[in-house]
Each structure stands twice: as C-alpha cells, then as structure tokens.
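Top to bottom, those sequences are chains A and B.
Sequential numbering from 51 applies to the first sequence in this note's numbering.
Sequential numbering from 1011 applies to the second sequence in this note's numbering.
Derived by calculation from the structure, the hints in this document are not laboratory data.
Among the hints, a few may not be true.
[Claimed, not checked] Not everything, but these chain B residues come out facing chain A in the computed CB check (under 10 angstroms): (1) F1021; (2) E1062; (3) V1089; (4) T1091; (5) R1157.
[As the list claims (entries may be wrong)] Negatives, chain B to chain A, calculated, CB over 10 angstroms: (6) G1016; (7) T1031; (8) T1033; (9) T1067; (10) G1072; (11) H1081; (12) E1085; (13) R1100; (14) E1105; (15) V1108; (16) E1123; (17) N1139; (18) E1182; (19) E1212.
Ideal Cβ positions, reconstructed from N, Cα and C, are used throughout, including at glycine.
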Amino acid sequence: MSARAATAALLAAALVYPLLFFGDGAWLVRSNYAIDVGMLALFAAFLGQSWNVAGGFAGLTSFGHVLFFGTGAYCSTILHVGHGVNPWFGWVAATTAGAALGAAVGHLTFRVGLRGSYFALITLAFAETFRVLANSVGFTRGGLGILIPLDQRAAALQFHDPIWFYYLALALCASGLAIAWWLTRSRFGTYLAAIRENEDAARALGIDVVRQKVRCLALSGAMAAAGGTFYAQKYLYIDPSIAFGVDRSVEMLLVAMIGGAGTVFGPLVGAGAVVALGEATRALSDARGLGLILYGLLLVAIVGFLPNGLVGLVRAARRDA
Amino acid sequence: MLEARGVTKSFGGLLALDGATLTVSDGAIVALIGPNGAGKTTLFATLAGFLEPDSGTIGFAGGDVTGLPPHAIAERGMVRTFQITQPFARLSVLENVVVGAYLRTPHRGEAMERAAAVARRLGLGDRLNATAASLTVAGRKRLELARALATRPKLLLLDEVMAGLNPTEIGEIVAIVRRIRDDGVTIFLIEHVMQAVMSLAERVHVIAGGRIIAEGTPAAIASDAAVVEAYLGRGAARRMLHA
Ligand SMILES: Nc1ncnc2c1ncn2[C@@H]1O[C@H](COP(=O)(O)OP(=O)(O)OP(=O)(O)O)[C@@H](O)[C@H]1O
Ligand SMILES: [Mg+2]
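Start from the sequences, fold in the hints, and give me the full structure.
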C-alpha cells in the first residue's frame, strides 16, 4: 500500500469509527466511552505532534511543553469566563498567545545559546513557574481553578454529544499531521532538520539558526495552546495542576518518542499505544502509579532499543522484507 | 574579493591570530599554508563570522563584513567548509546538499534539482540516497564541498578538503576545485598537501604564529627557503620543490 493510500484509509477509518458507537443508530453498540477513548487518542496525537514539531523535527527537546498547553487553556478560559469573549475567538487568541510565548521563550534561551538538556530544563522551569503563578495570582482564581459555565451550543464551543469533540480532535490531529508533512517538504522543515543534526554546519550554509528555532518553538507553542483551549472546552474546568502539570509534558514527549520522534505519523502511532496502554492498566488495576511506572519502562525500552520509535520499527521491517 | 586587515584573535592568553593581513583577488585560487596550530582554521572561522575578531577588519565583495554572523556572511557569498567534516549525519547525501541549495531558492523542486546536479558533479551521484553518516572520509570531504557549492558562493573557504585522501582521490578533488574556479567561484584553501598547493594555487600565503609571514607565487614561496625552513620545519623547502 502506498503512503497516500494508507493515509486515506486511516482517515476514512477515523471518520467512521464514532459512527460505530454513536447514539441510537449506532452501527455496533452505543458507547460514549468508546468515542471518548478515540477522542483522547486523537487529542494525545495532536499534543504529541506539537512536541514533535520542536523536539522531533528540530531537536528542541522540551520537558515543559505543558507550558503552552496551560497558557492556551487559561487564555481562552479567562477571556470567556472573565470577559465574556466567545470561546471560538478565545481559541484564536489562545493559539496566538501560544505562538507569542513560544517565540519569547525561544528568544530568551536560543539567543544566549542554551540547547540540549539546558533547553529541556529551562522549559521545565518555565512550566513549573507558570504552575506556581497560576496558583497564586488573582485572575486565574488560584488553586480553586475556573469552571466554565455549561452552555452546550456549537456557538459556545461546547457540544452535548461527544461525537463532535471527537471530530474536533480529529480535525486538530489532521492539521497536526499536515503541519508535520509540510515540514518534510519545505525549506523551513529542512532547515530544522539541519539544525537538529549540526548547528555549525547549518550556520555555515546560511541558516539563521536562532531565528529558525524561534519560529519553530512559536509554531509548536501555538499548537499546544490550541490543544489547551480544546481541553478546557471539553472538560469545562481547569486548575493549575491540570493546566501546567508536568505529567502532561511527559505524555506529549512520550507519545512522540514511542511513535517515532521526527516522523509525521510517530505521534499518532505513539498516542494509540499510550492511550491503549492507559485504558488497559486502568481496567486491570486502580493503582494510580501503575500507569506511570509502565510509561517509564516503556520509555526506557524505546530509548534503549527503538531510537526511531514504532514507526522506525515498521520501516526497518519493510526494508528487510 | 576578500581583504583582511590586521585581524587579531586570542583565546584567553593564546594569540591565535596576530594582525593577519591578506587579500584574495577575484577569480583566483589562493592557498594558505602553515604549520600545525599556526592559526589557519582560526583565520577561516574569523573570516566566515564564526569567531569575532578582537581587532582588524574584513572586507568582502565590496562591503565590510567584520562582526557579521555566519549566516549573513554566507548569504553574501562567502562560505566555509570544515576541516573536521560536519555532515548532517542522519540526512541523506541529497538532503545535505539541498540545505545548501535552499539558500538561493525557497522552492523544493528547484533546490532538489540544483542539489542533485552539484552532487553528481562532485561524484556523489550514486550515493544520493545514502545517509551522510555512511560515507567514507573521501565521500564526506566531497559532501562538505558539495553543500558549500550548492549555496552558489562567490568565495569558497576550503579547510583541508584533501587531508586523509589517497593520491587518486586528491587528483580528483584538484580537478574538481579547478573546475569550480573556472565557473567563476574564487577559491581560498588551506592545504597541507603540497603537491595540490603547487599545482592549484596562483598565490600562496604563509601563516605562522598567527602572522602572515610570506606571500607570493607557489614557486617563489617554495624557493623562499629561509621562510619555509623556519616555519614549516627542516626539509620542507626541498619537499615542496620536488612535489
Ligand atoms: N576555540 C579555541 N579555544 C582555544 N584555543 C583554540 C581554539 N581554536 C584554536 N585554538 C588554538 O589556536 C591555535 C591555532 O589553531 P588553528 O586551529 O587555527 O590552527 P591550524 O593552523 O588550523 O592548525 P592545523 O594545521 O592543525 O589545522 C592553536 O594553538 C589552537 O590550539
Ligand atoms: Mg586547521
């Protein structure tokens, strides 16, 4: 099967999937749970893709990507709840804020030459700082968090039926894939790969390394922030640890690494694996730590044995075939 | 094309460049020779914007490029290669060269076409889809050259592109470099392989201890026995003459 045909088949399957479970006319069995699991996988894939744009394609390994997610979630929610701004506009504002924050963090860190593990730690520090700030300043309502009033109309970016959030997540995931695909086909994406592989060589060939990295982090930040608004509108509640919790940073990174960092479909594959694993461990046991331990083991296994993730494994198998 | 005046650069207490002054004229092939640690690579890195000189000026293509960042200097047409090759290891040979080609066109198709043409010209045609990491030393040297050439430079700074190659490979690179020049690219090269210097270069600058201590035609430099003996070690003059 060609890559194009496989992509079309995948898209068709994703479009049809919720119809198996939706409403009285469900083709298979009525199950909002099944639709939500699908939605979670697509959403995790999108957030993983946001990490992948920076960490996978450009080698900007971040440990604190939740920084952008939380900023987006708070941005649209505060605009909506505090200032009556329609969440659709809030979504645009949140995405813009994510881009601006990405550019700002990029400026601060890349201009002074921080990279590698220093960059990873800086992003982690930023995310933690934002979490602490969200806990203490007034306009986020601190640790109480913010409830979004129920208003289940599409115009208010809320939906009664979970199937619409599913399709919204699918749209996000598809746009993430499109962005990743574009990175494999454009000058910008090639420059990011060059920077990831060898910064000195990139500079020698005329690449403004700092500028391209800043642009990359802005793009990645915009995506994660868009994910933040989606989350807030789906669950109608955010607080500092939901918005800026380190576990979500880890999940974004894991999803991309397990699937294959720097590949177009890696985050989607990784999200499928992580969500399936999460649901399975939850079914097996209520122990809260179990999932995290499994994630940890999985990550060690991936880093140790599958540097190119599951996608890399498939590719290697194809080459051997 | 290039004019460096009084370029000085020190690393802590070590004076790596000590008022280096030289010119490279349009369309020439000029060599820079000198003993290990003389400051050759440091000079190239400074010219190309990788190091900021402590003092001195660098003029290139009619403008002052002193203190400009490397990408701005590359954009203006001065591009260096690295003595220790710096491939984009996990990218294919073609993608490596495409990075260079993108400096002059944002279009992928055009960049790919130009890159493939340059790579073929440098004898990398049958390795286009191999990863750069899989190349031999000779292949990597060619890749350095191909990438730089794909940026359509006015001036190429080649840092020991022949080091570690066998005589056949050296002969091939010599021919390639000459053809690049004939296409209108000025060449400034660091080389320890004297046979190549003698056959390629029209002018030679000798650097030692960070200072340019002699300048002239290869023949004149080779017969400047005092200079050569003093700075390249005993027997060097004889070796050059017989190269
Ligand atoms: N980044 C650096 N920091 C400190 N010292 C340096 C640095 N780069 C070069 N040097 C020192 O500066 C001097 C000149 O080095 P350079 O690499 O320019 O010599 P070279 O002429 O290219 O030698 P070779 O023929 O071995 O390549 C050497 O003594 C070297 O150790
Ligand atoms: Mg050197």
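How the hints compare with the structure:
no., hint, result
1, F1021, "violated (17 angstroms)"
2, E1062, "violated (14 angstroms)"
3, V1089, "holds (6 angstroms)"
4, T1091, "holds (8 angstroms)"
5, R1157, "holds (6 angstroms)"
6, G1016, "holds (25 angstroms)"
7, T1031, "holds (24 angstroms)"
8, T1033, "holds (22 angstroms)"
9, T1067, "holds (21 angstroms)"
10, G1072, "holds (19 angstroms)"
11, H1081, "violated (5 angstroms)"
12, E1085, "violated (5 angstroms)"
13, R1100, "violated (6 angstroms)"
14, E1105, "violated (7 angstroms)"
15, V1108, "violated (6 angstroms)"
16, E1123, "holds (14 angstroms)"
17, N1139, "holds (12 angstroms)"
18, E1182, "holds (23 angstroms)"
19, E1212, "holds (25 angstroms)"
This entry does not satisfy hints 1, 2, 11, 12, 13, 14, 15, going by the numbered hints stated previously.
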